[in-house]
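**Student:** For reference, the chains in residue letters:
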Amino acid sequence: MTAPNTPTTPEPPPPACANNGGEITRRNFLRASAGLAASVAGVAAALSPLRDLDGFPSVEEFLQKHYKELSKDEMNDVLQRISGEVEKEYGIRPHLRDLKPMNGVEFVYALNLTRCIGCRKCVHACVAENNQSRSPEIQYIRVLKMPQGTLDVERSDHNYAPKSVPEKGFYYMPVQCHQCKNPPCVKVCPVKATWQESDGITVIDYNWCIGCRYCEAACPYWARRFNFSKPSIPREKINPNMSYLGNRPRPKGVVEKCHFCIQRTRAGKYPACLEVCPTGSRKFGNILDPDSEVSYILKNKRVFVLKEEVGTLPRFFYYFDA
Amino acid sequence: MNADTKTSLTLASLSVGFLVLAVGFQLELWGEPKIPAEVPPALATATNTATVRFSASDMIKAGGDTSGMECYACHEEGKLIELPLGEDGIVILPPDHKDLIYSRRQCSACHDKSQNVQIEWDDDGNVILPEAHRDLVLQHGAHHRNNPCFNCHVENKLTELETRGGKRLALTESTELCAGCHGPTYGDWEVGIHGRTSGFWDPNLGESTRKQCTSCHDPHAPKFPSMIPAPGPHALHAQHEPATEHADPAEEPEPSDPPEEH
Numbered sequence: 001m002t003a004p005n006t007p008t009t010p011e012p013p014p015p016a017c018a019n020n021g022g023e024i025t026r027r028n029f030l031r032a033s034a035g036l037a038a039s040v041a042g043v044a045a046a047l048s049p050l051r052d053l054d055g056f057p058s059v060e061e062f063l064q065k066h067y068k069e070l071s072k073d074e075m076n077d078v079l080q081r082i083s084g085e086v087e088k089e090y091g092i093r094p095h096l097r098d099l100k101p102m103n104g105v106e107f108v109y110a111l112n113l114t115r116c117i118g119c120r121k122c123v124h125a126c127v128a129e130n131n132q133s134r135s136p137e138i139q140y141i142r143v144l145k146m147p148q149g150t151l152d153v154e155r156s157d158h159n160y161a162p163k164s165v166p167e168k169g170f171y172y173m174p175v176q177c178h179q180c181k182n183p184p185c186v187k188v189c190p191v192k193a194t195w196q197e198s199d200g201i202t203v204i205d206y207n208w209c210i211g212c213r214y215c216e217a218a219c220p221y222w223a224r225r226f227n228f229s230k231p232s233i234p235r236e237k238i239n240p241n242m243s244y245l246g247n248r249p250r251p252k253g254v255v256e257k258c259h260f261c262i263q264r265t266r267a268g269k270y271p272a273c274l275e276v277c278p279t280g281s282r283k284f285g286n287i288l289d290p291d292s293e294v295s296y297i298l299k300n301k302r303v304f305v306l307k308e309e310v311g312t313l314p315r316f317f318y319y320f321d322a
Numbered sequence: 323m324n325a326d327t328k329t330s331l332t333l334a335s336l337s338v339g340f341l342v343l344a345v346g347f348q349l350e351l352w353g354e355p356k357i358p359a360e361v362p363p364a365l366a367t368a369t370n371t372a373t374v375r376f377s378a379s380d381m382i383k384a385g386g387d388t389s390g391m392e393c394y395a396c397h398e399e400g401k402l403i404e405l406p407l408g409e410d411g412i413v414i415l416p417p418d419h420k421d422l423i424y425s426r427r428q429c430s431a432c433h434d435k436s437q438n439v440q441i442e443w444d445d446d447g448n449v450i451l452p453e454a455h456r457d458l459v460l461q462h463g464a465h466h467r468n469n470p471c472f473n474c475h476v477e478n479k480l481t482e483l484e485t486r487g488g489k490r491l492a493l494t495e496s497t498e499l500c501a502g503c504h505g506p507t508y509g510d511w512e513v514g515i516h517g518r519t520s521g522f523w524d525p526n527l528g529e530s531t532r533k534q535c536t537s538c539h540d541p542h543a544p545k546f547p548s549m550i551p552a553p554g555p556h557a558l559h560a561q562h563e564p565a566t567e568h569a570d571p572a573e574e575p576e577p578s579d580p581p582e583e584h
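Taken in order, these protein sequences are the chains called A and B.
Following my numbering, the numbering of the first sequence begins with 1 at its first residue and continues without gaps.
Following my numbering, the numbering of the second sequence begins with 323 at its first residue and continues without gaps.
Source of the hints: derived by calculation from the structure; they are not laboratory data.
Predicted, not measured: the structure shown is a model, and the values here were computed from it.
Backbone N, C-alpha and C fix where the C-beta goes; we use that ideal spot for every residue, glycine too.
Be a bit skeptical, because a hint or two may be false.
[To be verified] Here chain B is said to cover these stretches of chain A; the calculated rule only asks that three of the stretch's residues, wherever they fall, bring their Cβ under 8 Å from a Cβ of chain B: (1) 116 to 130; (2) 155 to 165; (3) 208 to 217; (4) 258 to 269; (5) 276 to 288; (6) 292 to 299.
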């Protein structure tokens with residue numbers, strides 16, 4: 001095919017394969033092809049950072065139903081699948097369960113601010129128990145150093161590092177998820193990936209969370225943490241006692257938070273932060289049991305909640321005693 | 323400029339743009355993506371659930387070696403001990419007894435084996451006792467009226483205790499003696515809200531065990547000892563928090579190398 005070179009012809013016959021823009025000539029074709037090839041290569045190369053994306057869900061994971069819609073058999077399959085994934089990644093077969101809330105149980109936490117010395121052992125026991133990412137660091141508990149005589153958290157400091165604690169003139173207030181009865185984080189979730197269970201624990205289905213972080217913004221206690229990157233947990237530090245809604249390893253891009261050590265407390269045990277506290281400041285139990293320790297505290301001590309005015313009705317109480 | 327040239331120009335500029343980006347990514351013109359520094363692992367002591375001290379009562383109950391607590395290896399039985407009194411009637415603790423009190427501390431509750439203890443000296447060559455150890459003196463209460471040994475110990479049988487009402491108690495029953503003066507605290511302890519508990523919150527599934535008074539409080543200096551705080555949030559990973567905000571040199575207590583695991 002050659003370009004028509006008969007300018008003298010007043011009315012050249014229309015070429016067989018002409019279009020409105022021009023004719024397909026060898027030159028045009030090669031130019032267009034080269035341009036196209038370059039564009040495709042350019043786009044592909046420019047998107048090359050996407051090659052580093054990983055963590056695509058398996059087909060089963062992608063098609064998994066919402067936690068509340070899973071039948072018992074389906075849940076077992078899910079637990080098997082996740083156990084396999086954990087075993088593949090960390091070389092240890094976890095004891096992964098889906099513990100349900102117990103009947104007639106509502107959990108309450110009470111913390112004696114007179115006793116707390118700010119040693120931060122609860123923070124690290126929590127990290128170890130709940131398979132939290134070590135680097136980047138994710139911690140559920142934040143201990144605030146507060147000047148005595150105020151409850152203003154704006155005046156607190158959580159980066160304190162003196163040679164020894166407690167320091168004169170200060171008290172320490174550990175803050176973690178308050179398991180509110182009126183949780184703003186649950187209200188804002190657009191996909192119902194977080195909800196309140198009958199025993200008062202607000203849980204997250206890490207397989208359902210889309211990582212929009214609305215809940216993180218809604219929480220007045222800064223209790224929620226986001227996995228900006230894949231959590232890194234040393235293999236030898238993994239806690240194999242896991243729960244589906246609790247401490248199983250989280251994927252990148254989901255929100256997590258304190259769940260009162262669901263894998264321990266729904267089996268009747270105290271949470272890890274309570275067990276490690278050297279001063280015994282932390283008390284935990286069933287508020288529906290009139291003989292429990294927390295019932296005694298709520299009846300006999302002058303307890304208060306943090307940011308009462310926001311109307312979240314926390315299940316986490318603080319108190320001072322002599 | 324007709325539509326054709328416009329399209330070609332747009333396509334060409336897009337292609338060039340993407341090619342520049344591609345070359346840029348390949349040559350890493352914008353540098354490597356920033357990877358935050360590794361957070362050093364927390365010390366093993368941060369998750370240690372041991373009590374801060376190991377009381378004589380615990381040692382006796384566990385069947386441990388109590389030969390170091392044999393008072394009459396040094397003291398003469400039946401002979402009253404004269405208390406060395408300083409000014410204001412303060413009992414001066416003999417050096418031997420400081421050692422006795424030191425020896426019941428659970429060093430591992432605060433110190434990590436992998437980290438050497440740094441001893442600091444003052445200008446006169448004396449060891450500067452760290453804040454956390456300064457309570458290791460005979461100081462029962464803010465005043466000194468409770469320091470005389472025989473307020474609690476039987477005068478001629480030091481391994482036994484005597485309440486204010488004259489009831490004789492073994493060392494392992496010391497909690498009853500403490501209750502004599504610290505009634506409200508004892509009441510709280512009895513219902514499980516003072517002091518440490520461990521085990522099960524649900525009485526149907528298991529027991530909740532309580533520690534005795536002396537498991538945490540040194541009866542000779544009962545104020546709860548001060549402790550070295552576990553590391554705070556790592557500066558590089560503190561979300562919402564600029565790392566430069568705290569310029570205090572004490573801010574980074576850890577060495578740059580993560581301690582070796584044992």
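**Student:** Next, verify each hint and record whether it holds.
**Tutor:** Structure-based check of all given hints:
no.: 1; hint: 116 to 130; in the structure: holds (count 10)
no.: 2; hint: 155 to 165; in the structure: holds (count 8)
no.: 3; hint: 208 to 217; in the structure: violated (count 0)
no.: 4; hint: 258 to 269; in the structure: holds (count 4)
no.: 5; hint: 276 to 288; in the structure: holds (count 9)
no.: 6; hint: 292 to 299; in the structure: holds (count 4)
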